[in-house]
Amino acid sequence: MRILSAAGLAFVLAFALTTTHTDGQATRPARIDGKPNLNGVWQAMNTANWDLLAHDVKPAVAQPGVYANHPVLAAPVVALGSVGIVPPGPGVVEGNEIPYTPEAAAKKRENAEHWLDRDPEVRCYMPGTPRAMYMPYPFQITQSGSKMQMVFAYANASRTIYLQQAPEPPADMWMGHSVGRWEGNTLVVDVANFNDRTWLSRAGDFHSDALKVVERFTPITADALHYEVTLTDPNVYTRPWKMSMVLYRRLENDAMLMDFRCIELVEETFLGHLRKNPLVKHYEGDTIILDVTRRVPEGDKRYER
Amino acid sequence: MRTRARVFAVIAAFAAATILVSAQTPSKAPRTPWGAPDLQGLWDTNTLVPLERNPQYGNRAQMTEDEHARALAELQQRNQRPGRDSREVAGKSGVGTEKDVARAYNEFWFGDKPTKLSYRTSMIIDPANGRMPPSTPEATKRIADKREFLAALLQGTSGGRPGPISPRRKESSPDYNLDRINRADGPEDRGGPERCLGDNLPVTMGTGTFGGVMQVVQAPDSVSVYYDVGQGQGFAWVIPITNRPHLPKNIQLYRGDAVGHWDGDTLVVDVTNFSDETNFRGSRQNLHLIQRFRRLDANTLQVEFTAEDSTTWTRPWTAVQELERADDKTTVVLEGGCHEGNYGLMGMLLNTRAAEKAFAEGKGPDPATQDNATGGGDN
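In order, the protein sequence lines correspond to chains A and B.
Sequential numbering from 1 applies to the first sequence in my numbering.
Sequential numbering from 306 applies to the second sequence in my numbering.
Careful, some of the hints might be misleading.
[Stated by the list, open to error] Here are the simulated DSSO-like cross-link-like pairs (lysine-lysine), alpha carbons at most 27 Å apart as the crow flies:
#	chain 1	residue 1	chain 2	residue 2
1	B	634	A	281
2	A	107	A	58
3	A	276	B	662
4	B	418	B	634
[Claimed, not checked] Some residues of chain A that are not near chain B, with every Cβ distance over 10 Å (derived):
#	residue
5	45
6	65
7	67
8	96
9	107
10	117
11	145
12	196
13	224
Because the hints were derived from the structure by calculation, they are not lab data.
For glycine and all other residues, C-beta sits at the position ideal for the given N, C-alpha and C.
From just these sequences and the hints, can you work out the full model?
Now the structure itself:
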């Protein structure tokens, strides 16, 4: 006969007391195995992935306009109109300042200028930690006593947070190596063993392979987490700095991860010039010479609708 | 990635411990704190079972003691043979041959030969003969059409049938190509693994270093699987425990739409909505998988799948594997970084464009006359 542990029995009781069914969706117990229950699908609702600092609305890819301080949409996104812009946001960084060293600050500015060519997100690469947490797409947490698995819709990226028996990682990783512990209701995760390839935003924010990240997940309600991140990297920043935001539980009955596969969709962007018969007709080496002909069909011109 | 330092003595001790535990607590699979069967851990296998049964066993799913002893002796003898590092081809030194040069990996990467042999004569348990059911006429034609296209692209090269360069080199592949074909006009001509589209469901864990490890993390509403398989082609697969219906038929997902539920102590996962970007033994977007995961004892996870596709097979078929619990301390799953490190795909396209340029300038052979598809590997 199976013997329930005291904790197990407490859990089963808690589950029985708090589980109800509404619209076919099981509501979760607030705690699991004595810890806050983080199971489910989550998503940030902010603009941190575009820019961590406070920012105004701006073109995703800009060219100088008539006024020096009012750039306009540039060729790669010009036909997209309002879909080709960066949404404004109040920023997520404490003090609204990332303490780059002078050299690193120059590199960040340069990164921002060359965003399309340098951002690993554009190439469908793994987003790294913490960027994965605040990309504008859902991720799913599967929480057990010994490990927590986070799987991100974007690029099928994932990370394992070891809560017990963390092994020594044999190599550096895009998503880092995560070791977590509970401090009361807060999940604290130390992340290290990064490579230097991931970014923190589309604004060119970067780090080196010396990056150390400490994440703190604290439930505000059953469906919202305060998420605070401290980043330390003496190669790039003059001091540790913090960002914080709220992660929200996706409450739809059908909240789920669907394949967000971008590998074959970025092939045209990065390998199109190597086709025997390129689909874009004007390449010089890997430089796309855009000669865009975009006819608006009869009946769809602005004054006709 | 499997830690290479594993030694036979440890395995033997492990196996002995398994028997001991089984004897003490028969059919007592560990449970989670919320009372579900606990599927968690790192799972792999060092036990050899072929997918399809050698016809010599007929309808017998298990070997006799004698047969097992003989087969195990053969396996051990086979393991004694020099590996790829001997660089022997048909008993002669293969050093410097095309095969030797094209070889991407030496013996180090292919180490950890299987040391154990299951009594199972095949992973396939249904049909009763342990072999895949016959293909439908439609699938037979589809596969033959593709094979003919592959042959046409090799025609007139050292690795193909004789004949002139085929006009079919200008055609698109009759299917969404995932094979290694003798053309590199664009990324779509390269094989699935070369584009990092290599691994898909269902995964059968193999033996050896490339055999892979499966990590399972479990909660009441989801079971999160990470398959560390292939060469950096590992992937995450979240199985939601839910009674929601499948997605609309027009949604085609690379790894399908998984819906899981518990049937007693078995996790049953129904997977539909596959896309034509995967190929499971000839089955493409019409694949329907039913996977079953069951913890047999402290050290064994049974994984079973039934594959169904009336456009490909004349009947559904079922295969089963018993996976062994791996040690958390010596086994680590690594993130799959195939796409992130895929300089090879770019290199293959660059090379081919350069060869075309050289040919146009009279400095090299016509790339269409060269075999760039059958070299290397074990063929």
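- List in ascending order the numbers of the hints, as given earlier, that are violated by the structure. Hint check: 1 and 11 fail, others pass.
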